[in-house]
Amino acid sequence: MPGMITAFVATTQRELLLSLRRPGDMLNPLVFFLMVSTLFPLAIGPDNETLKEIGPGVTWVAALLAMLLSLNSLFMSDYEDGSLEQLLLSGQPLPVIGLGKTLAHWLVTGLPLVIVAPIVAVTYRLPNEVIVVMMMTLLLGTISLSLLGAIGAALTVGIHRGTALLSLLVLPLSMPLLIFGARTVALAAGNEVYSAGIFFLAAYAVGALTLAPFATAAALRISNE
Amino acid sequence: MMEMLSMGEYGPYVWSCFGLTAFVVGLIEWRARQRHKIMEREIEIRLRAMEGRK
Amino acid sequence: MNHKLEAADLTLFRGERCLFAGIGFALAHGAVLALKGANGSGKTSLLRALAGLIDLEEGTIKWDGRPVLEDPQQFRSQFVWYGHRTGFKQDLTPLENLKFDAMLRPQRDASPRDVLCSVGLEKQMELPMRQLSAGQQRRAALARMLIADVPLWLMDEPFTNLDVAGREFVEATLGTHLTRGGMAIIATHQALSLSVPVDELVIQ
Amino acid sequence: MWNTIWTFFHKLASPPHFYRISAILLPWIAIPGYLLVAWGTYNGLFVAPEDYQQKDAFRIIYVHVPSAYLSMMAYMIMAISAGIGLIWRMKLAHAVAAAAAPIGAAFTFLALATGSIWGRPMWGTWWEWGDPRLTSELILLFLYFGYMALRSSISDTAKADKASAVLAMVGAINVPIIHFSVVWWTSLHQGKTLLAEGGPAIDAGMLYPLLANIFGFSLIFGSMLLRRVRTEVLFRERRKRWVKELALGGQPA
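Protein chains in written order, with my numbering: chain A, 1 to 225; chain B, 1001 to 1054; chain C, 2001 to 2204; chain D, 3001 to 3253.
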């Protein structure tokens, strides 16, 4: 019997391979993120001071929405082609497999957002030190969002037109991340102490990492009944 | 009497709060009773229909 | 090791309807059980309940004398599932799919390539699944059964989408599995022609 | 002793017993609840002295605080019973969770509406993002909406029970985190609260009506919950013999 770690690595590898075969799934959230970030200056006006003010919040909201957009497909194709059944019935612990899938989701969706965010931040006139803080908050925040979103995706996997429902479930839960993420960047921009926010986001990510896979596994079993 | 109801100048705020609370509490209470009655009736109708078929 | 599967008092409701109540069976090594019944009678549900995909209202399932609910994960590593859908990713090749599957349960000493050749997919094993015909996809799913080193096969309507040759192939494969001391539970509305006697459980 | 208690709960958890006992219990919870609220509200409105700062506007506290308290309480009851239902496969617990959600949402709405109306004379605006309690209540309302939406989109009752139980438990872990983060967020801007945390000692004439209302509304909530659980139990057990006997009672079967 292959071990747990092997199963975890294999699951992540398979998901990454699948993303490579369908690069659109990877690019869509990224393009969405950039487009939402473009909407705000167009809607509000090109005033530099205002943009600097709203920059952290806008980037965070756009990242949150982009993550949410990508979550719907996390378990959907597995459900449709029967591979979810096979995963549920394998001799490996389901939380580990779910965690592997979540990690792949983060690598394909969350990490690119963290890498692209500086481009948006520069157009919002944020200084370099603030951009570093923003990347840190997004790094920690997107990990939690992937984990939290996986629970929502697992709960709504068999439901017809589950996309709107998924947002309804995950958005209120993700508000602490938005608050701490965006406000920490704003504090950094105002030259204030921002370490509390980073600690909170890190603690949240650790908590989500330990608890969320079990909720995801339970939800997957229920959804596939 | 009027003075009592006016609550300083805050009458409209205070009374709308209490009125709204009474309305909502009444609404849930009424809905709960109505749902129970409907459920009882539905079960009875279904059972009667099943008996009729027998 | 000679394994044994016992089930007693199985009862399942699906929403409004009672699908079955109080049914049971015992399955020893080398034996096969066919679940029979009209469409929608609940044979697929019974199979899913045995696999632990759905919760039974009542009843116990024992593997080697131990209730499976005590350690469901251990029981899951004792069987392999053959469902309506292949459970393979359409964007991956049969070979890639099979290699991933190898991580999920104990495997025989056979290379995925050889097994895919033995099910007649030597030319298609490097093509994405979506380019394979329905029958070829079923054969790929059979390769999963063959490579798994587990005693129990759970098969849900294994003959759909198969021509006569494919059907005979499934039966031959099953025969090999049973002579090796394996056991199988098959939900099907067709008669099985196997070299061993087939127990039948009819669900009304 | 321990055995007797256990048997009592075991019996209570059996649906026909619950159905019979709850019918007897209902008026003994509802009537004291409404009486307490009547007393508390009368005293709160007309007897209690006015607040030295907020004058008569503070009297909104007598409906706002009980609603806010119950909105949180209902979520906890919902999450705990959902957890019991999921872990110990107890059907009655799922029925309680299903029944608690809409009542909890209604009290959350009340807390928001009365808070907003109260805020109008105090802050000069209907909504103040700087108040952490109101903002938390708003997110709590969204959590209730999500729970009810998930439940209603799954037609199979048993599956809906389990799926929404997972959501309720995840939500329950997040409720304190949400509140904490909102408090942190508003503290950056000198939060504007209606109720100062651990504020000046409140006059006894003000306090007793408030306690009466909190307790009274809790009893009313309990009676409503019981009533809705009864409906849920009837629906879930509609194929069982005891429900058939009950429904056709009096008639020769």
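Each hint should be verified, as a subset may be incorrect.
Quick list of in silico lysine to aspartate or glutamate cross-link-like pairs, EDC-like style, CA-CA up to 16 Å [said to hold, decoys possible]: (1) D:Lys3244 / B:Glu1009; (2) C:Lys2004 / C:Asp2199; (3) D:Lys3055 / B:Glu1009; (4) D:Lys3240 / B:Glu1009; (5) D:Lys3159 / C:Asp2199; (6) C:Lys2036 / C:Asp2199; (7) D:Lys3159 / B:Glu1042; (8) D:Lys3091 / D:Glu3237.
Derived by calculation from the structure, the hints in this document are not laboratory data.
Hint by hint, here is what the structure shows:
1. Our distance criterion of 16 Å between C-alpha atoms is broken by Lys3244 of chain D and Glu1009 of chain B, whose separation comes to about 58 Å.
2. At most 16 Å may separate the alpha-carbon atoms for a hinted pair to count; Lys2004 of chain C and Asp2199 of chain C meet this at roughly 15 Å.
3. About 9 Å separates the Cα atoms of Lys3055 of chain D and Glu1009 of chain B, which keeps this hinted pair within 16 Å; it holds.
4. Taken as a hint, the Lys3240 of chain D and Glu1009 of chain B pair is broken in the structure, with Cα atoms around 59 Å apart against an allowance of 16 Å.
5. Between Lys3159 of chain D and Asp2199 of chain C, the direct Cα distance comes to roughly 33 Å. Violation of the 16 Å bound is thereby established for this hinted pair.
6. Taken as a hint, the Lys2036 of chain C and Asp2199 of chain C pair is honoured in the structure, with Cα atoms around 10 Å apart against an allowance of 16 Å.
7. At most 16 Å may separate the alpha-carbon atoms for a hinted pair to count; Lys3159 of chain D and Glu1042 of chain B exceed this at roughly 23 Å.
8. For the suggested pair Lys3091 of chain D and Glu3237 of chain D, the alpha carbons sit about 10 Å apart, so the restraint of at most 16 Å is met.
Checked against the numbered hints given earlier, this structure breaks hints 1, 4, 5 and 7; the rest are met.
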